[in-house]
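*Asks:* Chain residues, written in single-letter form:
Protein chains: 2
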Amino acid sequence: MSSERILSSLLRDRVVSAEAAAALIQPGETVAMSGFTGSGYPKAVPLALARRIDDAHVAGEAFRIRLMTGASTAPELDGALAQADGIALRMPFQTDPDARQRINAGTLDYIDIHLSHVAQHVWFGFYGEIDTAVIEVSGIREDGSLIPSTSVGNNKTWLDLAKKVIIEVNDWQPDGIDGMHDVYYGTALPPHRKPIPLVQADDRIGETSLRCDPDKVVAVVRTHGPDRNSPFAAVDDTSKRIAGHLIEFLKHEVRMGRLPENLLPLQSGVGNIPNAVLAGLAESGFRDLSAFTEVIQDGMLDMLRDGVLRVASCTGFALSPAANEEFKRNIAFYRERIIMRTQEISNHPELVRRLGCIAMNGMIEADLYGNVNSTHVMGSRIMNGIGGSGDFARNSFLSIFLSPSTAKNGSISALVPMVSHVDHTEHDVSIIVTEHGLADLRGLPPRHRARQILDHCVDPSYRAQLEDYFDRASRVSYGKHTPHLLPEALSWHQRWLDTGTMLG
Amino acid sequence: MSSERILSSLLRDRVVSAEAAAALIQPGETVAMSGFTGSGYPKAVPLALARRIDDAHVAGEAFRIRLMTGASTAPELDGALAQADGIALRMPFQTDPDARQRINAGTLDYIDIHLSHVAQHVWFGFYGEIDTAVIEVSGIREDGSLIPSTSVGNNKTWLDLAKKVIIEVNDWQPDGIDGMHDVYYGTALPPHRKPIPLVQADDRIGETSLRCDPDKVVAVVRTHGPDRNSPFAAVDDTSKRIAGHLIEFLKHEVRMGRLPENLLPLQSGVGNIPNAVLAGLAESGFRDLSAFTEVIQDGMLDMLRDGVLRVASCTGFALSPAANEEFKRNIAFYRERIIMRTQEISNHPELVRRLGCIAMNGMIEADLYGNVNSTHVMGSRIMNGIGGSGDFARNSFLSIFLSPSTAKNGSISALVPMVSHVDHTEHDVSIIVTEHGLADLRGLPPRHRARQILDHCVDPSYRAQLEDYFDRASRVSYGKHTPHLLPEALSWHQRWLDTGTMLG
Ligand SMILES: CC(C)(COP(=O)(O)OP(=O)(O)OC[C@H]1O[C@@H](n2cnc3c(N)ncnc32)[C@H](O)[C@@H]1OP(=O)(O)O)[C@@H](O)C(=O)NCCC(=O)NCCS
Ligand SMILES: CC(C)(COP(=O)(O)OP(=O)(O)OC[C@H]1O[C@@H](n2cnc3c(N)ncnc32)[C@H](O)[C@@H]1OP(=O)(O)O)[C@@H](O)C(=O)NCCC(=O)NCCS
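Top to bottom, those sequences are chains W and G.
Heads up, the first sequence stops at 504 in this note's numbering, and the numbers go up one at a time, no gaps.
Heads up, the second sequence stops at 504 in this note's numbering, and the numbers go up one at a time, no gaps.
Please note that the accuracy of each hint is not assured.
One copy or two, either will do: identical chains are not told apart, so a pair holds if it fits within one copy or between any two.
Claimed, not checked - Using 30 Å as the maximum straight-line C-alpha spacing, the simulated DSS-like pairs for lysine-lysine come out as follows:
{"no.": "1", "residue 1": "K251", "residue 2": "K328"}
{"no.": "2", "residue 1": "K163", "residue 2": "K251"}
{"no.": "3", "residue 1": "K163", "residue 2": "K194"}
{"no.": "4", "residue 1": "K328", "residue 2": "K163"}
{"no.": "5", "residue 1": "K194", "residue 2": "K251"}
These are calculated hints, taken from the structure and not from any lab test.
Using the sequences plus the hints, can you model the full thing?
*Replies:* Spelled out as structure tokens, the structure:
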């Protein structure tokens, strides 16, 4: 273990084992933990809690908690607690295979909400009281304030509202991260809210550490463990073509005078395609870019290193092991260029709209009229959740959704007559990109939107089928504003469930 | 005609007939007019334009325009131009029977967008250039600036962007309205946006008149005509019960400490049910209320008069003839209590969220999981449009949707397995109220939301049918997160189309 990370002697005296800390959590509690996209989540207490829950279940005792976080975490948290059947209710976002399986089996209740709504809805009292907060930090200052680690997420809210607090001090996290955070304490409940004084992605408006009432701290646990770091896939041909269409479009918008040469602050979802877009942007001659986003992944780190990106504002990281090494090695460089905020600020509608972000997110499917489904496979099975995509799609300058035109070896078309679930309505979607091209839906009425999607996005193997639906709907639909044939609107999905392919 | 309303001698020299003004509009133009919910729309030029278009069509010449407004207007504008087949494209909102019929016949293209998006998307260049603005005002000052009439809507944007401007000066509008408006000129395009300095519903942050470059003014027309004023229906039993459930809930939230005694700023849609809710609120002992809303209708005027409502911020009116008389008679009283803003401010996500509004809107239908359809009958026929409902539903403290549980003499259930079109996703809907009760969806996962709706909202005649769908879906759905049976999800709507009733 490196140099002492706990400078408050008061809190140093509360250091206990993960098991002792987990023993302070009671069945039925609402537990709010740190963690955002696999960064900055507690590494030890959730595992110890899962073991305790296992033991209780073996002994025939009921033990489940209501679990809140910033966003997704990792196998040591969501995975372990889900496997132990220890989660009664989960919110606001997850990507864990075990949790997902239980949610879709109907044995784990999940609330899928806009990430910008989480903190305020908890403050409003819509989720009851928080019993325990479990927060990973990179260090504790002498005055007891907490230096966040690789995510900030909802930690401010959890620390403010929880009745008792458990802190994990992870010395695997670089201590050079101190100074990277910006925790805004100017929020309030209506009717006392004020404008948030942020006008550029790199404005600092808060404090570098989290306030924490030491009287509430019931345990401090020392840990030494890495964040969940999975390597990104090599950029494949499909991703490269999607990135190519988007970059060509952005250049066109600059030429038309609708975007400044250094664009507007980028928001990018996590995944291989967004990563490919970032890689493409880095090589396209753009300079002096900025990002106002949730998560920094490899592509953005590269852009910062190469000077393509001037500054990036985020609330968490999703780095491959190699990128994480680079981040730690050059932390002083990155500390001047990265600002980590609470997620109520990173996703705030006020700020996303003011800055005029360019939002780039993945999707499950879109329909003829540009409604987007980000969450539900075949209308009922949750994949991950809406995350912050709605905060950005609704409020950005451009709302872009990216996806391969097919999934599951071509058995599924990502462009369908009617989406089986809606997360982003036609009103909130301006651009859709697949490997085949880009549909520019701005300023178009529904049937013209359909033409864009038919002409530019749908895979050739589904094109005739989708054209046929649209033609017949345009002729016989009850209303011709948004033509549909209700008995067929969801039939592609049902066909896939019945036969394993949407091809008719 | 009363005293001189045109104090600028420069502009007085440009007074012409409506016919002469209409002659300045060319086929194919994009024409941006004033008007919001039947208030403050131009009364003479659109009628003259419709006659011109009729003549052109009789002569075998093509003549259609692209028409933008604030929101809905009146028979003299939307009605006349639609009947003349003079509209190629309409945005952003309409409620006209003739326009609606053409939109649903597929002969008039309509773009249905969030009212808070309109001005900015036009500024962003997503809708091309504006050729002509036709704006009703109540007067012209000596310096050529314009005193708005009974709506502000997008007039600031239209005047700033249009290549030529036609002004209608309507001396039917009370001249005492001067001073009621607050036109904010602090907006900008990204990356130059600043916080909007409004923290209370009654803050004044702008100017009382609209700036207008006199060089662009090609015609001024004098008019004398009333706004569209239709009386409200007497409050019926269904509306009264809906209002009752909602008011009981609000009182409960005050008792629980989740709402202040004087609530939070009210937003209310237009219609008989919202009017009944306002009437109910007025009699429930609430005091010192405020409103931050789009439109002031009779109920709010009553509340202002009786001192229940301290202040109301809006962008337009929808008054019955009697209420309009009262408004004109006591205009000095109302001028101290009403602030009329541009609709980019009245509907701004930044402000709706900051103020923490209580949003109360009507709907077409909601589904088991709380997705709301505000716009499309049977998934394809547009009724009106989303209007500002999304701006408020997404950003308010409480997002409430109100509707009778059935429509068309009970042949349609407003609570269905899956909505046939989504305007407000499950993420954006917190409360649903029908005459049978109130579903409180806050903090609940999907299947618990369904229980609320089944237990409190659905009409008894549809309850067994909806329970049966939910039960079977919960057993055999592909995913159990949001259970659905795709072949049946829209079958109620199709049954109504086939047989005239959703009852199975
Ligand atoms: C929609 C989303 C799942 C797409 O993920 P992605 O990594 O970009 O894209 P992929 O193509 O790799 O798809 C991921 C999985 O969904 C599956 N999938 C994609 N489209 C599908 C469709 N139409 N039907 C069924 N499955 C589909 C893929 O097959 C893949 O499954 P696998 O994990 O079994 O291989 C992801 O973007 C997401 O969770 N979005 C919602 C949250 C969000 O947008 N956050 C952004 C702000 S943080
Ligand atoms: C949804 C909306 C149409 C409901 O209108 P309303 O006046 O509150 O309610 P009503 O019950 O009187 O319904 C209006 C019409 O819709 C019909 N309707 C309502 N629900 C229906 C349903 N589920 N299926 C078919 N028709 C339905 C009614 O029968 C009525 O038809 P009619 O005009 O032929 O009599 C209206 O609220 C709206 O346009 N909302 C979208 C815009 C908005 O919310 N603006 C608020 C901010 S300004």
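*Asks:* Against which earlier hints does the structure fall short, listed by number upward?
*Replies:* 1, 4
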